[in-house]
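S.K.: Can you build the whole structure from these sequences, using the hints too?
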Amino acid sequence: MLELRSVCAGYGSFQALFDVSLDVKAGEAVAVIGPNGAGKTTLMRAISGLIRPKSGSIRLEGRDLATTPSHRIVELGIAHVPESRRLFPRMTVEDNLRMGGFVPSARSKFRQQLDTVYELFPRLRERQRQLAGSMSGGEQQMCAIGRALMSAPRLLLLDEPSAGLAPVLVEQVFDLVKRIRAGGLTVLIVEQNVQQVLHVVDRAYLLKAGSIRAGGSAAELLATDTIREAYLGV
Amino acid sequence: MNVFDIYLLEALINGVLLGGVLALLSLGLNLIFGVIDVVWICYAELIMLGMYGMYFLYTVYHAPIWVAGVVCIVSVAVLGVLLHILVIAPLLGAAPINQLLATGGVLFFLQSAATVLFGIEFKNLGLRLPVLKVAGMFVSYSRLLAFVAALIGMVLVYLWLTRTYTGTAIRAIAQDRQIMPLMGVDSRRIYIVTSALGGGLAGLAACLLVLQYDVHPFVGLTFGPITFLICVLGSLGNFVGGFVAAFVFAEIISVGGLYLDLEWGYVFAFAFFIVMMFVRPEGLMARRS
Chain A
13 MLELRSVCAG YGSFQALFDV SLDVKAGEAV AVIGPNGAGK TTLMRAISGL IRPKSGSIRL
73 EGRDLATTPS HRIVELGIAH VPESRRLFPR MTVEDNLRMG GFVPSARSKF RQQLDTVYEL
133 FPRLRERQRQ LAGSMSGGEQ QMCAIGRALM SAPRLLLLDE PSAGLAPVLV EQVFDLVKRI
193 RAGGLTVLIV EQNVQQVLHV VDRAYLLKAG SIRAGGSAAE LLATDTIREA YLGV
Chain B
112 MNVFDIYLLE ALINGVLLGG VLALLSLGLN LIFGVIDVVW ICYAELIMLG MYGMYFLYTV
172 YHAPIWVAGV VCIVSVAVLG VLLHILVIAP LLGAAPINQL LATGGVLFFL QSAATVLFGI
232 EFKNLGLRLP VLKVAGMFVS YSRLLAFVAA LIGMVLVYLW LTRTYTGTAI RAIAQDRQIM
292 PLMGVDSRRI YIVTSALGGG LAGLAACLLV LQYDVHPFVG LTFGPITFLI CVLGSLGNFV
352 GGFVAAFVFA EIISVGGLYL DLEWGYVFAF AFFIVMMFVR PEGLMARRS
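If you read the sequences in order, they're chains A and B. 13 is the number of the first residue of the first sequence in the numbering used here; add one for each residue after it. 112 is the number of the first residue of the second sequence in the numbering used here; add one for each residue after it.
Worth double-checking, as some hints may not be accurate.
Claimed, not checked - Over the 10 Å line for every Cβ pair with chain B, so calculated as not near, a few chain A residues:
id : residue
1  : R17
2  : P47
3  : A230
To be verified - Cβ-to-Cβ under 8 Å is the rule here; a few derived chain A residues that face chain B:
id : residue
4  : C20
5  : L62
6  : S82
7  : H83
8  : E87
9  : H92
10 : M103
11 : R110
12 : G112
13 : R119
To be verified - Some chain B residues judged to face chain A by a derived CB distance under 8 Å, without partners named:
id : residue
14 : A280
15 : Q286
16 : D287
17 : L293
18 : M294
Calculated directly from the structure, the hints in this document are not laboratory data. The C-beta atom is built at its ideal place from N, Cα and C for all residues, glycine as well.
M.R.: Rendered as structure tokens:
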């Protein structure tokens with residue numbers, strides 16, 4: 013479904029990704045793990061078009077994303093939950109969700125998608141008139157994921173969904189990823205909570221200093237020392 | 112009621128009426144700043160052109176007043192879009208001081224062009240609206256009309272901002288510019304729509320102000336600085352703050368002017384502004400971030 017080949021990307025003269033290649037097949041959940049500053053967020057931003065790769069190709073079902081205007085990428089079926097959530101803090105929960113369903117294809121399905129999201133997060137229904145910025149971190153994360161789901165995507169990009177949350181909420185977030193997957197959505201997730209994320213995905217890539225150092229099934233990576241070595245740098 | 116109370120009440124009412132028009136002026140400037148992050152220093156000069164438009168359409172070419180008004184609003188909206196495309200858009204990535212200087216340049220360009228084209232004589236619609244006498248107080252009909260029309264304009268903008276997708280995107284873009292592509296929003300299109308709306312509001316203001324003031328190439332200086340200060344006082348980009356600050360300013364002008372001359376009202380208002388910049392430099396309605 014998603015196919016990256018030798019992607020190099022960065023900001024100005026700073027290069028954050030070197031020759032990154034990875035695949036996500038339809039229906040899969042794939043994790044990208046790695047230490048801080050490995051380029052994980054840059055990778056997500058390159059896929060959703062917030063930054064442009066310097067070289068290499070990014071394709072969704074054969075369609076070149078690198079040459080698609082960034083605001084058109086949502087319409088192709090990719091929704092990105094950005095790092096640190098980035099809700100519109102002084103707008104209500106419902107207005108935030110409305111923005112998630114901004115693309116023309118999603119507008120006609122607004123009510124239906126809203127019900128789906130509220131079913132997934134009953135807490136958001138209770139808070140629909142509340143300003144997003146006044147909610148707790150966990151509720152904001154729900155709202156951010158809900159906002160992404162409003163466009164009825166086929167591929168969901170989650171950037172550090174557990175960051176800054178209390179341990180009990182972190183567990184809820186991973187539980188949620190499982191439930192979202194069950195609905196048939198393809199998921200690409202970036203995480204630092206390695207142990208937990210490997211229990212909810214099929215495969216994972218290890219990204220370090222901007223390049224892919226290892227990859228394989230979640231079970232394999234859990235069983236070997238690759239991860240520990242990578243983090244400790246042994 | 113003794114005479115003095117009636118004068119005070121009259122001044123308070125006139126302050127409210129003035130506040131409505133000032134609130135309309137500041138809304139346009141705040142929208143542009145909140146969404147595009149650029150200050151149209153030449154905002155009042157768009158109003159000046161709109162006032163000339165009204166003068167020519169109504170007084171010179173004898174168009175019905177409502178036709179002149181609609182044409183004026185649409186034309187100034189188009190001017191707003193042209194201003195964005197020709198001057199603002201190429202400078203979006205430039206330093207804020209350069210953007211200020213560029214729109215400042217447009218201000219003097221429009222003033223000079225108006226002087227060349229229309230001359231420096233004061234012109235007016237030649238339309239005399241009656242003065243209403245209510246309970247011993249005098250309220251000018253044109254001010255009342257301006258207040259009501261400004262209020263209707265603001266309510267319409269409010270409804271549009273809260274009820275439509277484009278309006279919601281305009282509010283959202285003022286809160287987080289960078290992630291708009293993730294929502295599938297083309298920011299350039301939103302900027303053009305906002306410029307048209309800002310221009311349209313300037314056009315509406317022109318229709319209302321031309322009922323009360325003569326038009327000349329420098330009439331923008333009467334409204335420009337005060338509009339800008341109101342926006343700063345209400346925290347630039349904050350729509351509600353601008354609304355509140357407009358009424359605070361208008362009451363100071365109106366009531367302050369009651370005890371001495373009207374000009375003293377402006378002196379008090381600007382002195383209040385300077386003091387406020389020391390007390391609350393971030394504006395009346397600043398948000399803690």
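S.K.: Would you settle whether the hint for B:L293 is holds or violated, based on the nearest Cβ-Cβ distance to chain A being less than 8 Å?
M.R.: With a minimum Cβ separation of about 5 Å from chain A (threshold 8 Å), the hint on B:L293 holds.
S.K.: Once the shortest beta carbon distance from B:M294 to chain A is found, is it less than 8 Å?
M.R.: Nearest chain A Cβ about 5 Å off; hint holds.
S.K.: Per the CB criterion, is B:A280 less than 8 Å away from chain A?
M.R.: Hint holds; B:A280 Cβ to chain A Cβ min 6 Å, cut 8 Å.
S.K.: Against chain B, with CB atoms and a cut of 8 Å, does the hint on A:C20 hold up?
M.R.: violated, 21 Å
S.K.: Does A:R119 pass the interface hint, meaning its C-beta sits closer than 8 Å to a C-beta of chain B?
M.R.: holds, 7 Å
S.K.: How about A:L62: closest beta carbon in chain B under 8 Å, or not?
M.R.: Cβ of A:L62 sits 6 Å from chain B, so the hint holds.
S.K.: For the restraint on B:Q286, tell me whether the closest CB of chain A is nearer than 8 Å.
M.R.: OK, holds: B:Q286 within 8 Å of chain A, min 5 Å.
S.K.: Just want to verify: A:R17 was marked as not at the interface with chain B; is every Cβ pair farther apart than 10 Å?
M.R.: Non-interface label stands for A:R17: nearest chain B Cβ at 23 Å, farther than 10 Å.
S.K.: Could you check if A:H92 really has its C-beta closer than 8 Å to a C-beta on chain B?
M.R.: At 5 Å from the nearest chain B Cβ, A:H92 passes the 8 Å test, so the hint holds.
S.K.: Interface hint check: B:D287, Cβ to nearest Cβ on chain A, cutoff 8 Å. Holds or violated?
M.R.: holds, 6 Å
S.K.: Interface hint check: A:G112, Cβ to nearest Cβ on chain B, cutoff 8 Å. Holds or violated?
M.R.: holds, 7 Å
S.K.: Does A:H83 hold up as a contact with chain B if the rule is Cβ-Cβ below 8 Å?
M.R.: At about 5 Å, which falls below the 8 Å cut-off, the nearest Cβ of chain B leaves the hint on A:H83 intact, so it holds.
The structure shown violates just one earlier hint, number 4.
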